[in-house]
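**Student:** Add chain B to chain A, keeping to what the hints say.
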Amino acid sequence: MNLLRELLASLQDFLARAGAMTRFFGRLLLLSPAGVVRPRLIVEQVYNAGALSLVIIMTSGLFVGMVMGLQGHDLLQRIGSEDSLGTGAALTLLKELGPVVTALLFAGRAGTALASEIGLMRATDQLSAMEIMAVDPMRRVILPRFLGGVISMPLLTGIFVMVSIFGVQLIGVQFFGIDQGQFWSQMRSAVELEDVREGLIKGLVFGVACSLIAVFEGYNAESTAEGVGRATTRTVVISSVATLVLDYIVTAILL
Amino acid sequence: MEPAAGGRPVAGGDNVALLHGVHYSVDTKAVFTGLDIEIRRGQVTAIMGPSGTGKTTLLRLITGHIAPDAGDVIVDSQNVPRLKRRELYALRRRMGMLFQNGALFTDFDVFENVAFPLREHARLPERLVRGLVLTKLHAVGLRGAARMMPQQLSGGMARRVALARAIVMDPDILIYDEPFAGLDPISMGVVMRLIRSLNDALGISSIVVTHDVREISQIADVSYILSEGGVVASGTPKELHDHPSPIVHQFMDGLADGPVPFHYPAPDYHEQLLGAGEGAR
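Going down the list, the sequences are from chains A and B. With this note's numbering as the guide, the letters of the first sequence map in order to residues 1 to 255. With this note's numbering as the guide, the letters of the second sequence map in order to residues 1001 to 1281.
No lab work stands behind these hints: they were computed from the structure. Positions of the beta carbon are idealized from the N, C-alpha and C atoms, including for glycine. Some hints here could point you the wrong way.
Stated by the list, open to error - Derived pair list, reagent style SDA-like, types lysine to any residue, alpha-carbon separation capped at 20 Å:
hint, chain 1, residue 1, chain 2, residue 2
1, B, K1084, A, V46
2, B, K1084, A, P137
3, B, K1084, A, S128
Claimed, not checked - To list a few chain A residues with every Cβ distance to chain B over 10 Å, as calculated:
hint, residue
4, V100
5, Q126
6, A129
7, V173
8, Q186
Stated by the list, open to error - Each pair of labels, with its calculated beta carbon distance range:
hint, chain 1, residue 1, chain 2, residue 2, range
9, B, T1033, A, P33, 55 to 63 Å
10, B, G1131, A, L52, 56 to 64 Å
11, A, A34, B, E1087, 13 to 21 Å
12, B, H1065, A, L31, 18 to 26 Å
13, B, D1257, A, G229, 32 to 40 Å
14, B, S1051, A, L7, 53 to 61 Å
15, A, S32, B, G1189, 44 to 52 Å
16, B, A1181, A, V196, 32 to 40 Å
17, A, P33, B, S1245, 50 to 58 Å
18, B, G1275, A, L7, 52 to 60 Å
19, A, G229, B, G1144, 52 to 60 Å
Bound-form chain B, shown alone:
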């Protein structure tokens, strides 16, 4: 972390993104109460945590879809909430994002999906567009599916096409929102290896939001576990496995009960069954 002129930390040098003292609420529910996270350049950073702890919200803060109530969200030395639309779009050109469902354009075939950012941002000769698209599709192993429609793809294939589209503009930062969700073990392994190999081969920085502890532990350089409005633990996968915190232990070992209770808060079981008291239904 490097100190800025105003005494606040900035993302730059070794950091590609930095969230400092971030507060964010939805209606009256506080999602973050002083979140601090540092995303190191060139690394695969995993963001984990129980459901509802704000992992996807964190990604939306980084991409500038939402602004924090307080605190700094700095990406590539720029304070995202303060950027004007044009500046934000210029920053986003250096980002790629893989959505949980792929978010492929259903009207376009695989080739046109991957070519979309190139056609929108660069006036390139068709021959060059074709070459770039086929290169990226080859990198994810789907050059042969170039003329298939998104509806014809399996979940894993759709995720890989979305990945090819995310890297076609050679981004500095690649963001993954639940990349393993709903995939079979083979597809999961393929996507897992792709995240690591693309990160190293293209020299990018990857941020991966996931629940899949075992998979991400194999490829992440550093992981953060979010809970209770902030980071409860961070470190290498091994450090997290050895972490003394009960909530980290519960999450890493996938225990049903613990600091995060199995039962959602409810009235007394017996009273409710007998139809007495409030909330009898």
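Chain A on its own, in the form it takes in the complex:
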């Protein structure tokens, strides 16, 4: 009986939080046109969320690509199709691995930075100070960070995929000696614009989800060191789960 009561309470909490996040998202959407008025603020956040994530995205992309090269070559060699390594890797990266891994890395680097920054601003009364100055923190702080994240994610996804393909090529062509011409020409003939579009759509959807979760958790963090810590942890956990759930949903819709 107690277990049932606890489950119901958890469900109630979850629904309340989901409702609050939906309202928060609705307000951000309503405010979004105002973001265009001050593009400088958004550009700053694209730099913070996007440019500053480049090192981790490119490094991870390179190694993910190299591992794909090793594993893919081993697998394809068994069925005598190692020349298809480029095609298989490109499709996997564009449609699935690229957007998902980028989103997970984004949540870990930019998402946590956003949540802790906003949470600390809350804890140190910076957001209250803005309100007293008749400056809406949602418009001045939250919206640019949200839009900066949304813009950054598809760009980071594209960069991740390109660097990963380079990593696959490095292993497949340079290490295992697959023919360079075969590698690229097979990839060019098999990969279609639809596949690129699918990857970018996923990048955009994950960008909205991860940025929304980060700014929501930061904005609603308790004004204590523990509260900011909890908000940061929740950002990573919820963003990661949301990315995987949304990946299934978007894939099911697009296929």
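**Tutor:** Same frame as chain A, now just chain B:
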């Protein structure tokens, strides 16, 4: 206090703010049960009282961060809880607030912190912004620290920068939340003199929430002591010192025990030490 058409008092004329019959609770705990306070225009008004009596809550009511359960909070003839967001923001443009920790924006240097309200609300030429910011920084004695970051400032300096930022839009009302907390005696004296001199020089009205009886007594025109959900005493610092109420006496003289007990309510000491009864831990 001036009577309004509906028979209720309004803030206007001599009053810059008025709280009338304010009730406010957090969960089931009543913070205010019929609070009445009058903030006179052009004066330094001190709000004092033991911890947990709702001093900061009072400021949040005045600034419209929270709404009372009942009663009126009238600032500049406007009933704050009934204002729409846009009206509330228009009212807040005429207010300045100094937070206990300064609440400076950590990404900006001192100059940009002070310039922030100007950049957000007024499209002024950079030359004019620079002039205004340097004037306000000069007023608080920190023109030379314009390019320092908040992390490089001492507590007293941060408080003064926040003060420069609070006055940069030339507000009518300046609100101070514990302006002396954690300051060394020199910084305390500087901030104290600034509160009085800015109030007189700029012709503003100041509301100061503080525990520091001795300091505020030197600069306040009128003080209110809050306790038990309302005002237990008000008047000039001298009147409060001579007040017969035991709780006012305890607060003004800083006595450890009195109507506000030293010990938080607890089970019997001996029983608890011997591990008997409830709450043995």
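**Student:** Now look at each hint and say whether the structure bears it out.
**Tutor:** Hints versus structure:
no.: 1; hint: B:K1084 x A:V46; in the structure: violated (33 Å)
no.: 2; hint: B:K1084 x A:P137; in the structure: holds (17 Å)
no.: 3; hint: B:K1084 x A:S128; in the structure: holds (18 Å)
no.: 4; hint: V100; in the structure: holds (32 Å)
no.: 5; hint: Q126; in the structure: violated (5 Å)
no.: 6; hint: A129; in the structure: violated (4 Å)
no.: 7; hint: V173; in the structure: holds (46 Å)
no.: 8; hint: Q186; in the structure: holds (49 Å)
no.: 9; hint: B:T1033 x A:P33: 55 to 63 Å; in the structure: violated (45 Å)
no.: 10; hint: B:G1131 x A:L52: 56 to 64 Å; in the structure: violated (35 Å)
no.: 11; hint: A:A34 x B:E1087: 13 to 21 Å; in the structure: holds (19 Å)
no.: 12; hint: B:H1065 x A:L31: 18 to 26 Å; in the structure: holds (20 Å)
no.: 13; hint: B:D1257 x A:G229: 32 to 40 Å; in the structure: holds (38 Å)
no.: 14; hint: B:S1051 x A:L7: 53 to 61 Å; in the structure: violated (40 Å)
no.: 15; hint: A:S32 x B:G1189: 44 to 52 Å; in the structure: holds (49 Å)
no.: 16; hint: B:A1181 x A:V196: 32 to 40 Å; in the structure: violated (58 Å)
no.: 17; hint: A:P33 x B:S1245: 50 to 58 Å; in the structure: holds (57 Å)
no.: 18; hint: B:G1275 x A:L7: 52 to 60 Å; in the structure: violated (37 Å)
no.: 19; hint: A:G229 x B:G1144: 52 to 60 Å; in the structure: violated (37 Å)
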